[in-house]
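Undergrad: Listed here are the chains, written in short residue letters.
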Amino acid sequence: MSERATIYFDHNSTTPLCPEARTAMLPFLENMFGNPSSYHHLGRQARSALQVARRAMADIFGCGPAEVVFTSGGTEANNLALRGAAVALKDTGRHIITTAVEHHSVLKTAEVLSLEGFAVTVLPVDAQGVVDPRAVIDALRTDTILVSVMLANNETGALQPVEEIGRAVRQRGVLFHTDAVQGFGEVRLSAVFEYADMLTLAAHKVYGPRGAGALLVRRGTPLAPIMTGGYHEQGLRPGTENMAAIAGFAAAAQQAQATLSSEVERILGLRDRFEKRLLKTIPSVSINSHGAERVPNTSSVCFSGIESESVLLHLDLLGICASAGSACTTGASEPSHVLRAMGLSNLQAQSALRFSLGRSTTVGHVDTVSEALVGIIKKLRQLSSL
Amino acid sequence: MKSEKFDDDSLQEPATQRPEGGEESQEEPVIFYNETVIDHFTNPRNVGEIENADGFALVGDPACGDQMKLWIKVVADYIVDVKFKSFGCPGAIATSSMATTLVMGVHLDEAKQLTDDDVVRALDGIPSNKKHCSLMGVGALKAAIRDYEQRSEQQL
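From first to last, the protein sequence lines are chains A and B. So the first sequence is numbered by the working numbering: it starts at 1 and just counts up by one. So the second sequence is numbered by the working numbering: it starts at 387 and just counts up by one.
None of these hints come from the bench; they were simulated from the model. Among the hints, a few may not be true.
To be verified - Straight line, CA to CA, 25 Å or less: simulated BS3-like cross-link-like pairs of lysine-lysine:
no.: 1; chain 1: B; residue 1: Lys498; chain 2: B; residue 2: Lys471
no.: 2; chain 1: B; residue 1: Lys528; chain 2: B; residue 2: Lys517
no.: 3; chain 1: B; residue 1: Lys498; chain 2: B; residue 2: Lys459
no.: 4; chain 1: A; residue 1: Lys378; chain 2: B; residue 2: Lys528
no.: 5; chain 1: A; residue 1: Lys280; chain 2: A; residue 2: Lys379
no.: 6; chain 1: A; residue 1: Lys276; chain 2: A; residue 2: Lys378
no.: 7; chain 1: B; residue 1: Lys469; chain 2: B; residue 2: Lys459
no.: 8; chain 1: B; residue 1: Lys469; chain 2: A; residue 2: Lys379
no.: 9; chain 1: A; residue 1: Lys378; chain 2: B; residue 2: Lys471
no.: 10; chain 1: A; residue 1: Lys280; chain 2: A; residue 2: Lys378
no.: 11; chain 1: B; residue 1: Lys471; chain 2: A; residue 2: Lys379
no.: 12; chain 1: B; residue 1: Lys498; chain 2: B; residue 2: Lys517
What the hints assert, rightly or not - Simulated restraints, written as ranges between beta carbons of each label pair:
no.: 13; chain 1: B; residue 1: Asn438; chain 2: A; residue 2: His290; range: 31 to 37 Å
no.: 14; chain 1: B; residue 1: Asp510; chain 2: A; residue 2: Asp143; range: 42 to 48 Å
no.: 15; chain 1: B; residue 1: Lys517; chain 2: A; residue 2: Ser284; range: 41 to 47 Å
no.: 16; chain 1: A; residue 1: Ala66; chain 2: B; residue 2: Ala449; range: 37 to 43 Å
no.: 17; chain 1: A; residue 1: Arg4; chain 2: B; residue 2: Lys517; range: 28 to 34 Å
no.: 18; chain 1: A; residue 1: Asp143; chain 2: B; residue 2: Ser514; range: 32 to 38 Å
We put the beta carbon where it would ideally sit given N, CA and C, even for glycine.
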């Protein structure tokens, strides 16, 4: 396997570090090790670099530098948005609205809040994985304090109408948060505070390092820190800043923004080619969220009658990295909550694989993977007892 | 479209506590299969169906991830042919394949003694969180033998 070149179709899990991010990070791993809170010149150097990174992020999203709160990643940013708003507004109201297809860092946080005295409404999605904006508005109550709807789904790539939802929610005086981890780098995000009060980002999904993310928080948003400590990140996120990761994040975000238009077109072309080939060469294939607006890089595919891990292993033996919506680990498989929410049966959800393309993807990769799948699916179907 | 509260079981337990065993820093196993398992997964033995089989079993539930069909042909209390089809993960396919090779040509009394540990041992081990897969092949085999015995009794 080692002599075979890797084909990476798992960019929604994580992305490799881009050269721009690596270059930006190196000084902080070497002699620029200062703590941005320190008085001396090394501290000032780090403080200045932190400001540069923060301004770079603010410029991309059309917000002020003070509205950028760096975190350790998307999970922490989502926790901060939900828990922080819940704590800050608990005397105003205790109702939170979210959707059934959110990332677990939102859903499980909401679930824990529901055990702590908050009422949580989890809105369903349609068969395409999209939430109805009217359902969000209908679910609003006088005690609703927060609505959280993701921008793009990590499994299917389906885009939610967050601008429409956000505007309507904000108009009614309720906070709106969107988890944009999977959307950034795929769709243009600017002037985000026109529809959102808070927005979550993660560096490692846009060719930045792991260990950095951000919550964009519009000025004046009631939010309490969820950790106690120093007064870092506008008092919202105590802890000495991970300067290397933050600098890498800012550089990666700038690069993602700069190459967005050309990359979107290129990757959309590759995904179309991939899906067309699968639909043409393999019987009983369906593309999840095919009828929805999707981010250009994601393809969630059901191969009816097979079990996804068996496909993953066959692909892996060929050097191809993909991912599955379910995992058979403890005797009971755990089908994807996203696909189940879209109305797929357990059996269908178990037959789903996710292919997520990225900067390294070529036409040759698309053709190699789709050809490999023809043989793998045929073999597994011949073996299948269904 | 109606909204729903947290009452469905699409989510697992809320994360208010560390998972069991967390205190002992249970390491998540690196799921990977050894060469023997990979071999039985990529080239499963005795795949197919037997027409006019003497015993048949259908075990597992595809909605839970695994299902297996197994056919046996019996002559003078010996399993002279065994074939299977399986819907499942690599662990399920490899253990089913190995189970069939272990009972091919074997006396029924001996085949009935086969355990899932025998299958795992013959495969030089499988990842611990895939051990449950090995139960299916053995279960299907025993159910097929029972089916054969019931049919034989009915003929007497």
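Undergrad: Against each hint, give a clear statement of whether it holds in the structure.
TA: Evaluated hints:
Among the hinted pairs, Lys498 (chain B) with Lys471 (chain B) is consistent with the structure: their alpha-carbon atoms are about 20 Å apart, no more than 25 Å. About 18 Å separates the Cα atoms of Lys528 (chain B) and Lys517 (chain B), which keeps this hinted pair within 25 Å; it holds. Between the alpha carbons of Lys498 (chain B) and Lys459 (chain B) the distance comes to roughly 15 Å, so the proposed pair stays at or under 25 Å and holds. Proximity of Lys378 (chain A) to Lys528 (chain B) is assessed by CA-CA distance (about 29 Å); at most 25 Å being required, the pair is judged violated.
As the CA atoms of Lys280 (chain A) and Lys379 (chain A) are separated by approximately 17 Å, the hinted pair is consistent with the 25 Å bound. Restraint check for Lys276 (chain A) and Lys378 (chain A): the C-alpha separation of about 18 Å stays at or below 25 Å, so the hint holds. Restraint check: the Cα-Cα separation between Lys469 (chain B) and Lys459 (chain B) comes to about 9 Å, which is no more than 25 Å; the hinted pair holds. Restraint check for Lys469 (chain B) and Lys379 (chain A): satisfied, since their Cα atoms lie roughly 16 Å apart, inside the 25 Å limit.
Proximity of Lys378 (chain A) to Lys471 (chain B) is assessed by CA-CA distance (about 14 Å); at most 25 Å being required, the pair is judged to hold. Between Lys280 (chain A) and Lys378 (chain A), the direct Cα distance comes to roughly 14 Å. Compliance with the 25 Å bound is thereby established for this hinted pair. For the hint linking Lys471 (chain B) to Lys379 (chain A), the alpha-carbon distance of about 12 Å falls within 25 Å, and the restraint holds. The hinted pair formed by Lys498 (chain B) and Lys517 (chain B) meets the criterion: a straight-line CA distance of about 20 Å does not exceed 25 Å.
For Asn438 (chain B) paired with His290 (chain A), a C-beta distance near 44 Å fails the hint of 31 to 37 Å. Distance hint for Asp510 (chain B) and Asp143 (chain A): a CB-CB separation of about 60 Å, inconsistent with the stated range 42 to 48 Å. Distance hint check: the CB atoms of Lys517 (chain B) and Ser284 (chain A) are about 32 Å apart, inconsistent with the given range 41 to 47 Å. Separated by about 51 Å at the C-beta atoms, Ala66 (chain A) and Ala449 (chain B) break the suggested range of 37 to 43 Å.
The supplied range of 28 to 34 Å is met by Arg4 (chain A) and Lys517 (chain B), whose beta-carbon atoms lie about 30 Å from each other. Taken as a hint, the range 32 to 38 Å is violated for the pair Asp143 (chain A) and Ser514 (chain B), whose Cβ atoms sit roughly 47 Å apart.
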